[in-house]
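Whole structure, please, built from the sequences with the hints as guidance.
Going by this note's numbering, the first residue of the sequence shown is number 1, and it counts up by one from there.
It should be emphasised that the hints constitute simulated quantities derived from the structure, not laboratory data.
These numbers were taken from a predicted model, which means no experiment stands behind them.
Please note: incorrect hints may appear among the correct ones.
Okay, derived cross-link-like pairs now, DSBU-like style, lysine-lysine, Cα gap no bigger than 30 Å in a straight line [unchecked claim]:
#1 K387 / K342
#2 K79 / K22
#3 K193 / K137
#4 K93 / K137
#5 K193 / K22
#6 K137 / K16
#7 K29 / K16
#8 K93 / K337
#9 K22 / K149
#10 K342 / K290
#11 K190 / K205
#12 K190 / K79
#13 K149 / K137
#14 K190 / K29
#15 K149 / K290
#16 K93 / K342
#17 K93 / K205
#18 K230 / K22
#19 K264 / K79
Restraint-style ranges between C-beta atoms, simulated for each label pair [as the list claims (entries may be wrong)]:
#20 R174 / D59: 24 to 30 Å
#21 E164 / F90: 15 to 21 Å
#22 A17 / P129: 40 to 46 Å
#23 T70 / G154: 28 to 34 Å
Glycine included, each C-beta is placed from N, C-alpha and C at the ideal position.
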Amino acid sequence: MESLESLQNSLYQASKAQHARKFYSLHDKICRIDVLYEAWRRVRENHGAAGVDGQTIEDIESKGEECFLTELQHELQSKTYRVQCVRRVFIPKRNGGMRPLGIPTVKDRVVQEAVRLVIEPIFEADFQPFSYGYRPKRSARQASLEIYKWLNYGLGTVIDVDIEGFFDHINHERLLSFVRERIEDPYINKIIKEWLRAGVVYLEKVTYPEEGAPQGGVISPLLANILLNKLDTWWNELGMNRREAYNAQMVRYADDIVILTDRKGNDAQHVMEVLRYLLSELGLQLNEEKSRITTARWGFDFLSFHFMRRFYIYKGREVTHFFPSRDAMRRFRERVKSLTAKTVTHIKDEWQLAGELNSFITGWCGYFNHSHASEAYRHLHRFVEWKFRQFIRFKHGYRRLAASHGSFQQPSMYGLTSLTGRISYCM
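This is the structure in C-alpha cells:
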C-alpha cells in the first residue's frame with residue numbers, strides 16, 4: 001500500500017494534469033486505516049471539546065483507539081456511518097458580539113479529517129496563488145508579505161473587503177455543485193451534504209440549517225476555499241489583476257480579502273462593483289459598513305497587521321511599514337493581564353508565571369517577527385515586566401516596589417524571555 005503522502009501527491013498530480021478531470025472512486029481511500037490513523041492523530045492533537053454525544057478524546061483513548069478506528073473503518077466500508085448533530089456554542093468576537101460555533105462529535109471530526117486528507121490535494125491543484133488561508137504550506141506570514149510587496153510596487157489604493165456573515169450564508173447547492181465539478185464519488189458527496197445539513201443542537205432544541213457551514217467543523221475551511229476559489233478564478237478570467245486593465249491584485253485569507261490597485265476614483269469604485277457582483281453570483285454580499293476604499297497612506301489592518309506607506313524625509317522616499325495592529329496589541333495586553341491577575345497569585349509562583357508568559361510571548365512573536373514590530377515589542381516588553389513585578393508585589397504582600405526587594409523583582413531572574421531582539425526581517 002502506498003503511503004498517505006504518496007497518495008496525496010498522486011491525486012494532486014492527476015488533478016493538476018487535467019483541470020477538467022473528475023474523480024469517481026475515492027470511497028476506498030477514506031476507508032484506509034493509515035488515513036484514519038492520521039485523521040485521528042490530527043483531531044487528537046487539536047484537543048477539541050466533546051460533541052452532542054458527550055464522548056471526549058480521553059474517552060476514546062481509555063477504551064482503545066485501535067478499537068475505535070477499526071469500528072469506524074467498518075462503518076465507512078459498509079456505509080453504515082451516520083452523521084450526528086453538531087453542538088452549538090458561542091464565543092466572543094474580537095469586535096464585540098458572539099460568534100456561533102458548531103462542534104461535531106469526535107467521530108464526525110475524524111471522518112471529516114479523513115475526507116479532507118483525500119480530497120484536499122485534488123482542489124489544491126485548482127486554487128489560485130493569491131489564496132493563503134487554511135492551505136498546506138500557506139500562512140498569514142506569506143499573505144502579509146504579499147501585501148507588503150504590492151504596496152512597494154506602488155499599488156496605493158486599498159479595497160478593504162468584509163463579507164457579510166460568510167459562514168452563515170454559504171449556499172449549499174452552489175457549494176455542492178462546485179464540489180461535484182471534481183468529486184463524483186456518490187458516497188463522499190452524500191456525507192458532505194449531510195455535514196452541511198446536520199442538525200444544530202442548542203438549549204436542547206434541534207434546528208436544521210438551509211444555508212451556511214458550521215464554524216468548528218474540520219472540513220469547513222476547505223469547503224469555504226472551494227466556494228471562494230470561484231471568486232478567485234472569475235477575478236483572473238475577467239483580467240482584473242492584469243496590469244494593462246485594473247491592476248487589482250487580490251490577497252485572500254479564507255473570507256478575509258484585501259485588493260490593492262494603482263487606480264483611483266471611478267476606477268477603484270468599478271473594481272468594488274465587480275467584486276460586489278461576483279459575490280452576489282455566489283449568494284454572498286459585502287458588509288457595506290465594514291468594506292471601504294482607502295489608501296496605504298491612511299493605513300489599514302489585515303490579519304492583525306497594520307500596513308501603512310509614508311514619505312520619510314530622512315530616507316527621501318516613501319516607505320512601507322507593517323507591524324502589529326492596535327487591536328492585536330490590545331489583545332496581547334489583555335492576555336498578559338489575565339495571566340498576572342491578583343486572583344491567580346495564590347495558585348502559582350513566579351517560575352510558573354514566567355513559563356506561561358514565555359509560551360505566550362514565543363507564539364505571539366512568531367506570528368509578527370517578520371514585520372517592523374521592534375517599537376511595538378519595546379512597549380509590550382515594558383508592559384510585561386511591569387505586570388510581572390506587580391504579580392510579585394501582590395503575591396508577597398509588598399506595599400510598594402521598594403529598592404530593598406529589587407533583586408527579587410527582576411523578571412530575568414525567573415527566566416522571563418524578552419520581546420526585544422526577536423525581529424527577523426524577511427523582506
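Each hint tested on the structure:
no. : hint                   : in the structure
1   : K387 / K342            : holds, 10 Å
2   : K79 / K22              : holds, 22 Å
3   : K193 / K137            : holds, 28 Å
4   : K93 / K137             : holds, 27 Å
5   : K193 / K22             : holds, 18 Å
6   : K137 / K16             : holds, 17 Å
7   : K29 / K16              : holds, 19 Å
8   : K93 / K337             : holds, 19 Å
9   : K22 / K149             : violated, 36 Å
10  : K342 / K290            : violated, 38 Å
11  : K190 / K205            : holds, 25 Å
12  : K190 / K79             : holds, 11 Å
13  : K149 / K137            : holds, 19 Å
14  : K190 / K29             : holds, 16 Å
15  : K149 / K290            : holds, 24 Å
16  : K93 / K342             : holds, 26 Å
17  : K93 / K205             : holds, 24 Å
18  : K230 / K22             : holds, 17 Å
19  : K264 / K79             : violated, 56 Å
20  : R174 / D59: 24 to 30 Å : violated, 38 Å
21  : E164 / F90: 15 to 21 Å : holds, 19 Å
22  : A17 / P129: 40 to 46 Å : violated, 18 Å
23  : T70 / G154: 28 to 34 Å : violated, 60 Å
The structure fails to meet hints 9, 10, 19, 20, 22 and 23 from the earlier list, while all remaining hints are met.
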